[in-house]
Amino acid sequence: MAELDTSGGGKKGGKIRSKKASTRIDLTAMVDLAFLLITFFIMATTLAKPKAMDTIWPDKTVKDKQLPVPESRTMTVLLGSNDKLEWFVGEPGKTAPTIDNFGKTGIRKALIENSKKIEATHAGPDNYMIVLVKAGDKAKYKDFVNMLDELGITGIKSYGVVDITPAETAQLKKDNLD
Amino acid sequence: MSRIKIPRKSTAIDMTAMCDVAFLLLTFFILTAKLKQEDPLQVDTPAATTKQLFPDLDVATITVGKGKIFFSVEGTDIRKAVLEQMGKKYGQTFTPEEMLKFSVLPTFGVPMAQLKQFINLNEEQRKAYVQPGIQVDTTNNSELYNWIHESRIADASLHNKSLRFAIKGDAREEYPVVKKVIDVLQKQAVNKFSLITSLKDSK
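In order, the protein sequences belong to chains R and W.
Just so we're aligned, residue 1 is where the first sequence starts under my numbering, counting upward by one.
Just so we're aligned, residue 179 is where the second sequence starts under my numbering, counting upward by one.
Heads up, some of the hints might be wrong.
Ranges between beta-carbon positions, derived for each pair [claimed, not checked]:
hint, chain 1, residue 1, chain 2, residue 2, range
1, W, Thr316, R, Ile99, 31 to 41 Å
2, W, Asp222, R, Ile99, 25 to 35 Å
3, R, Gly90, W, Asp222, 29 to 39 Å
4, W, Gln303, R, Thr95, 52 to 62 Å
5, R, Thr95, W, Gln292, 32 to 42 Å
The following residues of chain W were derived to be distant from chain R, with all beta-carbon distances above 10 Å [to be verified]:
hint, residue
6, Pro224
7, Gln263
8, Lys266
These aren't lab readings, by the way, just hints derived from the structure by calculation.
Bear in mind that the values here come from a model prediction, so they are computed numbers and not experimental data.
The beta carbon of each residue, even a glycine, is placed where N, CA and C say it ideally should be.
With these hints in hand, go ahead and build the complete structure from the sequences.
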């Protein structure tokens, strides 16, 4: 007990002693405070840890043959400015690109729908969709991370980050996204 | 007949042991909490749904923001070794004192020509110093290329591990600047690296 013996050891002599106050302290408030701080530190340490998105890129130092890819299975996503993007399926220039935005109803829906469509119209086993991500000069890093995240969420098996071509830059410019 | 009276016990509980435990835990958490290091560049990382944690050891971080590039590598022993190797490469010698100062420096973005001067600044002056960022270009001899290269060598020789790389980019940074860093990494056949993000739920 956090208490000291203050009884004073019986009556002795005739001196009148003033009664000593108990030294017992109420520790409840102190414990409350300690636990509050503990909670704070637990929260602060786990929340502050940054997350890492692992990315694996093709080896550029080794020049190997690229696999031929049917263009009807590719979906190209162009990242533009103002958090907007354009996407089209197939060869560039043949189909008009759709201007879309990020998020659940935007690119995610498009990715899922196109993936299903391509899988339905092509014969297996290699009938998965290939997504090419091309970031324009005015694209923000946030958009790029968002796009990779969306690809992860939708579970697209095969995708790559490719340099943008001048024709595609012109397309973005035409749609005021550059 | 009189009832037997049960003596009422006091409701006060002895808090001493609880207090001891609480403070013990508090001390533990304070000591293990990693102090937030002050970055010379405030970076607002983009949000993503990845839940993978960022490793603490054998990792080098390249911070990109406001068009500038900053570099940091974990571990004081590795930092010392990297500085020595970089000094050799650029014809500079650093005293043991300067190496010690450099080893506790978190993130920096100073060109090699000004590094010696920067290391010798005190805490206050360092805060006021506007760091211009590390020079980068498309050749195999830019300063960023060499920092990355020397860190990999130092980590492999001291810890016998392959150094991991992480890019901490500002959400509003334009992609071409980040692309420059990615190109430098890919030139050294570092094809696996992480992008640092903050957590968001997949709505």
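Hint check against the structure, violated hint numbers in rising order: Checked against the structure, the hints that fail are numbers 5, 6, while the rest are satisfied.
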